[in-house]
Amino acid sequence: MKIAICVKEVPDPTAEKRIDPGTNRLVRTGENTLNPYDRHAIEEAVRIKESGVETEISIVLVGPASAARTVDKALAQGGDRSVHLADDGLADSDILATSRALAALLERDAYDLVLFGQQASDAECYVMAAAVAERLDRPCVSQAASLTLDGSTLRVKRQVETGYDTVEMPLPAVVSVSDAINEPRYPSLPAIMGAKRKPHEVLSLADAGIDPDTVGGAGSRTTVRGLSKPAGRGASVRIEDDGTAAEKILAFLVENKVVV
Amino acid sequence: MDFDLSDEHAALRDTVRTFAEKVVAPVAEELDREHRFPVDIVRRLGEMGLMGVPFPVEVGGGGGDTLAYALTIEELARIDSSVAITVAAHTSLGTSPIANFGSAAQTERYLPDLCSGRRLAAFGLTEPEAGSDAGATRTRAVEQPDGSFVVNGAKMFITNAGTELSGVVTITALTGDGEITNLIVENGTPGYEISPPLRKMGWHASDTRALTFADCHVGPDAVLGPRGAGLRQFLAILDGGRISVAALALGLAQGAYEQALTYARQRNAFGRPIAAFQAIQFKLADMETEIAAGRHLVRHAAWLKDRGRPFAHAAALAKLYTGELSHRVVNEAVQIHGGYGYMDEYPISRFYRDQKILEIGEGTNEVQRLLIARAII
Ligand SMILES: Cc1cc2nc3c(=O)[nH]c(=O)nc-3n(C[C@H](O)[C@H](O)[C@H](O)COP(=O)(O)OP(=O)(O)OC[C@H]3O[C@@H](n4cnc5c(N)ncnc54)[C@H](O)[C@@H]3O)c2cc1C
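For the record, the sequence lines run as chains A and B.
Using our numbering, count along the first sequence one by one with no gaps and you end on 330.
Using our numbering, count along the second sequence one by one with no gaps and you end on 403.
No lab work stands behind these hints: they were computed from the structure.
Owing to the predicted nature of the structure, the values given are computational and were not obtained by experimental measurement.
The C-beta atom is built at its ideal place from N, Cα and C for all residues, glycine as well.
Honestly, I wouldn't trust all of these hints.
To be verified - Quick list of the computed label-pair ranges, beta carbon to beta carbon:
#1 Gly287/A with Glu55/B: 48 to 54 Å
#2 Ala51/B with Thr284/A: 31 to 37 Å
#3 Glu55/B with Asp235/A: 38 to 44 Å
#4 Phe308/B with Glu101/A: 24 to 30 Å
#5 Ser298/A with Phe308/B: 51 to 57 Å
What the hints assert, rightly or not - Cross-link-like lysine to aspartate or glutamate pairs, in silico, EDC-like; alpha carbons within 20 Å at most:
#6 Lys266/A with Asp40/B
#7 Lys119/A with Asp40/B
#8 Lys119/A with Asp150/A
Unchecked claim - According to the in silico footprint, chain B covers these stretches of chain A (three or more CB under 8 Å from chain B):
#9 141–152
#10 247–259
Input sequences plus hints: build the corresponding full structure.
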């Protein structure tokens with residue numbers, strides 16, 4: 071079983087996000103780290119491996135050369151090898167362009183399963199898995215709350231607003247896992263110390279056979295035309311508790327058809 | 027000269043920091059209040075390879091160096107000193123005598139369980155009548171015709187000896203006139219008795235006991251290294267241990283400083299955040315400065331040890347300075363919290379109680395000055 075996990079380097083999610091007013095882009099010059107949502111995808115792959123299925127886990131990342139540290143964090147979390155597409159020509163890639171690059175990397179090896187985290191903590195788009203699956207022409211399920219492997223069939227419990235869907239899909243497939251699927255373990259010290267010694271493949275666009283015009287700014291179709299704060303909330307109702315607050319809140323909720 | 031941490035050290039520091047914030051911080055107040063030993067946290071630290079950071083992977087250790095170990099202790103102490111001292115006492119005092127001086131049979135028997143955190147180790151040096159003057163050990167181990175020993179005596183203030191995970195204690199004992207030998211005594215050995223937990227000012231979730239040995243019989247295989255090497259061994263153990271206690275003081279100071287900074291920004295008085303007052307700003311500036319200095323001392327001592335160079339002097343400097351700086355920092359951090367700092371709802375009150383021992387354990391401030399003076403005069 072060959073599993074690829076597409077991981078992203080993001081600005082430290084605990085630090086405040088800043089937008090560069092000149093470019094309308096997120097400032098990425100601070101501390102960067104592994105997208106926390108991706109840890110759930112890695113953990114799920116490690117659990118498949120630990121269940122006895124012979125598995126090779128590849129960490130796949132598109133990002134600048136400095137993202138090597140993030141690759142190592144992902145490897146410490148449980149990867150066996152990494153593929154890192156690092157090329158200055160990738161700067162300013164949007165989802166369209168990045169998904170093209172990821173798909174090209176994934177096509178170089180015959181992966182049975184491609185896993186993603188549900189979202190990236192910087193752009194919060196939730197769509198990369200679907201975009202890549204579309205390019206690879208593979209079935210795709212998002213928000214997976216559990217994975218069960220049965221030969222070459224994958225059963226996915228999928229979290230939806232009203233409960234769970236259970237979806238069966240043939241491999242190879244693409245899945246983005248929800249952050250409720252598991253509790254990722256903390257990497258062990260030997261795994262942290264050993265990450266650099268695992269096989270690392272670092273590729274340029276030319277190495278990966280990607281046409282530079284299809285990625286980076288040139289291959290992107292997104293333009294940020296302006297930024298504005300979300301509209302403020304409407305008038306709020308203040309209820310002082312004089313002993314009847316509960317009834318008043320209930321009446322308010324019924325009136326607004328929040329509860330019936 | 028390179029002040030950057032390696033990628034691995036930085037990744038380790040981030041991992042321990044996240045673990046401490048997510049796993050230790052939510053239970054630290056409760057563990058302190060209930061004086062409860064953190065068995066579950068020790069188990070998880072063991073799974074992460076952090077109960078044996080500086081020991082080789084082949085014997086079950088983490089495969090890290092002294093710097094990795096110091097970073098681990100610093101990050102744990104930034105959140106909770108009881109957890110940090112449990113790891114530090116287990117590693118430098120409990121496990122390292124066996125790792126450094128044990129025979130092949132002893133290391134095979136003990137290290138896998140100790141490095142993985144399945145078992146805890148303790149070091150019994152201090153006695154009711156022998157603390158700073160640790161060479162004044164009165165505990166006697168009398169050799170029997172079959173090469174075994176009968177131990178009689180008492181040890182005081184021993185960390186990690188009485189928990190449900192405790193497996194062994196290495197003790198210093200007189201095996202002849204002025205001849206000190208280290209002996210490994212397993213928990214459960216008849217005649218080895220452990221007192222109820224001692225009541226103390228801080229470190230409430232750390233295990234501290236008085237031990238007694240009454241005709242306690244141990245085999246010839248309990249002797250650690252050559253007979254009579256006990257004094258030399260424990261001096262070496264204490265030198266190494268000082269780096270981790272210094273890292274602990276540094277982490278405690280860092281945590282106290284961060285709490286004070288956060289509080290100073292939030293708390294308003296006279297219509298302004300108290301952080302706007304120069305009197306408060308200067309306290310914070312002093313803390314930042316001293317902590318930075320302390321961090322350099324700790325890292326330098328670790329760096330020397332990792333290069334196999336003499337480090338005892340640097341370790342004494344680090345231990346003395348961080349012990350006293352943590353005192354100043356935690357004192358001013360409570361001051362910045364005002365009355366709330368005196369309340370147990372705020373972690374700073376626990377930090378204040380946990381600090382004092384850092385100027386006493388593993389060599390008092392006075393003993394550090396003695397060592398430093400001896401080296402320079
Ligand atoms: C919570 C806790 C955990 C501990 N854990 C362990 C452990 O795991 N294993 C272990 O073996 N020990 C442990 N200890 C013991 C600790 O290391 C000793 O308490 C410490 O070394 C001081 O010894 P003492 O208490 O006998 O004080 P004393 O040696 O009696 O010192 C009393 C005072 O006299 C001063 N003094 C002594 N001699 C001199 C001198 N020559 N010149 C100037 N001043 C001097 C000291 O600095 C101190 O201020 C622990 C102690 C505590 C409180």
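So, going through the hints one by one against the coordinates:
Range check, Gly287/A to Glu55/B: about 51 Å between beta-carbon atoms, so the 48 to 54 Å window is met. Restraint check, Ala51/B to Thr284/A: a C-beta distance of roughly 47 Å breaks the suggested window 31 to 37 Å. A beta carbon spacing of about 41 Å between Glu55/B and Asp235/A agrees with the range 38 to 44 Å that was offered as a hint. Between Phe308/B and Glu101/A, the C-beta spacing of about 28 Å keeps the proposed range 24 to 30 Å intact.
Here the CB-CB span from Ser298/A to Phe308/B is close to 41 Å, at odds with the stated 51 to 57 Å. This hinted pair checks out: Lys266/A and Asp40/B have alpha carbons roughly 17 Å apart, not beyond 20 Å. Distance hint between Lys119/A and Asp40/B is unfulfilled; the C-alpha atoms sit about 26 Å from each other, more than 20 Å. Among the hinted pairs, Lys119/A with Asp150/A is consistent with the structure: their alpha-carbon atoms are about 11 Å apart, no more than 20 Å.
Only residues whose C-beta sits within less than 8 Å of a C-beta in chain B count toward coverage, and the segment 141–152 of chain A has 3 of them, enough to reach three; the restraint holds. Under a criterion of three residues with beta carbons nearer than 8 Å to beta carbons of chain B, the stated coverage of the segment 247–259 of chain A is upheld, 5 such residues being counted.
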